[in-house]
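Engineer: Now for the letters of each chain:
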Amino acid sequence: MIAILRTTLTREMTLAFRRRADLLNPLFFFVVVVSLFPIGVTLDLAKLALMAPGILWVSALLASLLSLDLMFRNDFDDGTLEQMLLAAVPPQLLVLCKIISHWLVTGLPLTVLSPVLSVMLALPAKAVPVLMLSLLLGTLSLSLIGSVGAALTVGLRKGGLLLTILIMPILVPVLIFGTSTVQAMATDQPWQGYLALLGAFTAGAFALTPWLTVAALNVTVGD
Amino acid sequence: MPELLKAADLFCERDERILFADLSFAVDQGEILHIQGANGAGKTTLLRRLVGLSWVVEGNVTWHAPVADGDALDGNRFWYLAHRPAVTLLQTPLENLAFAMALHNQVLAPEALWQALSTVGLRGYEDVPAHSLSAGQQRRVSLARLYLDLPEVRLWLLDEPFTALDASAVNQLEQRIVSFAEQGGTVIMTSHHGLHHAAVRPLHIGAPL
Amino acid sequence: MWQIFVRWFHKCSSPKWFYQMSKPWSFWLGWAAFVLIGVALVWGLAFSPVERVQGNSYRIIFIHVPSAFLSEAIYMTIAIAGAVGLIWRIKLAFYVAKACIPIGMTMAFLALATGAIWGKPTWGDWWVWDMRITSMLILFLLYLGLWALHNAMERPESGDRAAAILALVGVVNIPIIKYSVNLVTTLHQPATLKFTEKAPMHISMLVPLLLSILGFYLAFLAWMFIRARLEILKRERKALWAQKEIEQLGGL
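Protein chains in written order, with this note's numbering: chain X, 1 to 223; chain U, 1 to 209; chain R, 1 to 252.
Some hints could be false.
To be verified - No farther apart than 20 Å at their CA atoms in a straight line, the calculated lysine to any residue pairs in the SDA-like style are these:
1. R:Lys11 x R:Trp25
2. R:Lys238 x U:Glu16
3. X:Lys158 x R:Glu154
4. R:Lys234 x U:Arg14
Calculated directly from the structure, the hints in this document are not laboratory data.
Hey, can you work out the whole structure from these sequences and the hints?
Structural biologist: As structure tokens, this is what we get:
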């Protein structure tokens, strides 16, 4: 079983790297959006520092959303998704591999990039580790919950747009927990509670979403 | 030979047209069921219902041992080849075959995979990305798994397996199907291509051609 | 004993039974709702005393509160019906869930709109980002998503299942949303009506409010029955009883 999961994960990562352009899109988007805020809103560093956690978080979530549609699309188009649903290995594990590889390829780079961008927004340096930790969990949550939406919309025309509408309400708690964590840290207030909530949310999503995603994939494939 | 599949009272409607109704049949081990019908008659829909991917077809479908897991199919025991060859174009035939094995919970020695690819005529193409292969070659990639020695697999469900194959490949696949059936395996396939053998049983869907 | 239960279960999950059972109910519930809401609104809008702090603008409470309550209750209904449909494969549950979606969406929109109308004279703003309002907005977006998903799928059966899955994801999330939005300080007043405490409102305002809430619930049931009947006819149109019914109603 471990060998199978390793094969699947390797396949997903290999495919991700062979589609390099798709890989870089979210990162470019992240940088561009964060850069636009100071230009468009205010150049005052003090004000930017107040808004920094929110701007970084919203941009990271939106950038992650960009590549969410691709999670199942290629496999759906060439018929591999059906084979996955019929496999001898539980499809929930295969879906989990896909989710983890999506996160490794999107969420993780965004998190790594965030300290650089936080400098642009004058976020206090002491808040940066907490920012990265919260983004790490938050992007994982997004990959997990987003997989349900991706599974529901992969077979539809204009599925990408619908995906955003469907997933947005569910992302609100993640956003609130995440930004509250960073804001609390930046203003010297207790932040551990918010982070714990974010962690709990992510853990819950980890346990529940593979089943929901497989159910959604069965609906899509059988449509 | 013991019965493998029992289908009863199958009913299918698409776009306000009834494709088939009150369709009942059984398949024994070692049989080759050849589902025939015009384009759009519902052959693929029926096959997908048998496999368990689509629920558009109403009615009862019961699979028996050794391929069954309850009423449905056991993932270890069958191959389903759909109309689209399920070949990932960014990967090589070798990677594609290895992944198909992984989904089947099998880890085979690379030599076995090379051998299978060579049998279907892809020697020398094992490491070429599938997007640079022709349609017929891509289909052969997905067919390669049928040439592997997997004693657990007793059932093949093939949807238009001869599409895009040249004459020699068609012959080879026919022989392989027949020899699989002679060893006790069961094949359920849809095809416009006629397969002539004693073990082939036709099942006609829809209006006569 | 078990046999009786099984038979009752099968009867209740039959669309035909629901269709016939709901006809008189929707008629009477509908009229009861009309009367209740009429009485409540007339009483509340014309005869209730003027409020000490807010003046007359508080009167919108008679529409705002029931619609807010109902929008959340309907979402729970949709989620439960969806779960029943997915787990026990009861088509009727899916029909009911689908029928509820536009009603819930309307209620959520009504709550937001009346809230904004109320907010302007009271707080000075049409819109405020506070706990209750944000939750209601998210609820409205969830409804929108459900409706969009239904319409996007090829087959209505797929739409049923997809929407049920989405509703379940949303319902797990609603308490989390409520809690998380709670982290922001609230301008919106906390719940006035609690089951466990004596209501702080004066009886002359409380009674029309309660009547209005009851009326809205009955109206929801009546409206849902009507919509569900239509959905049943659409989906079961191949059945003989449905065809007879359609002919009776005037044909397609």
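Engineer: Against the structure shown, which of the earlier numbered hints fail to hold, in ascending order?
Structural biologist: Structure breaks no hint.
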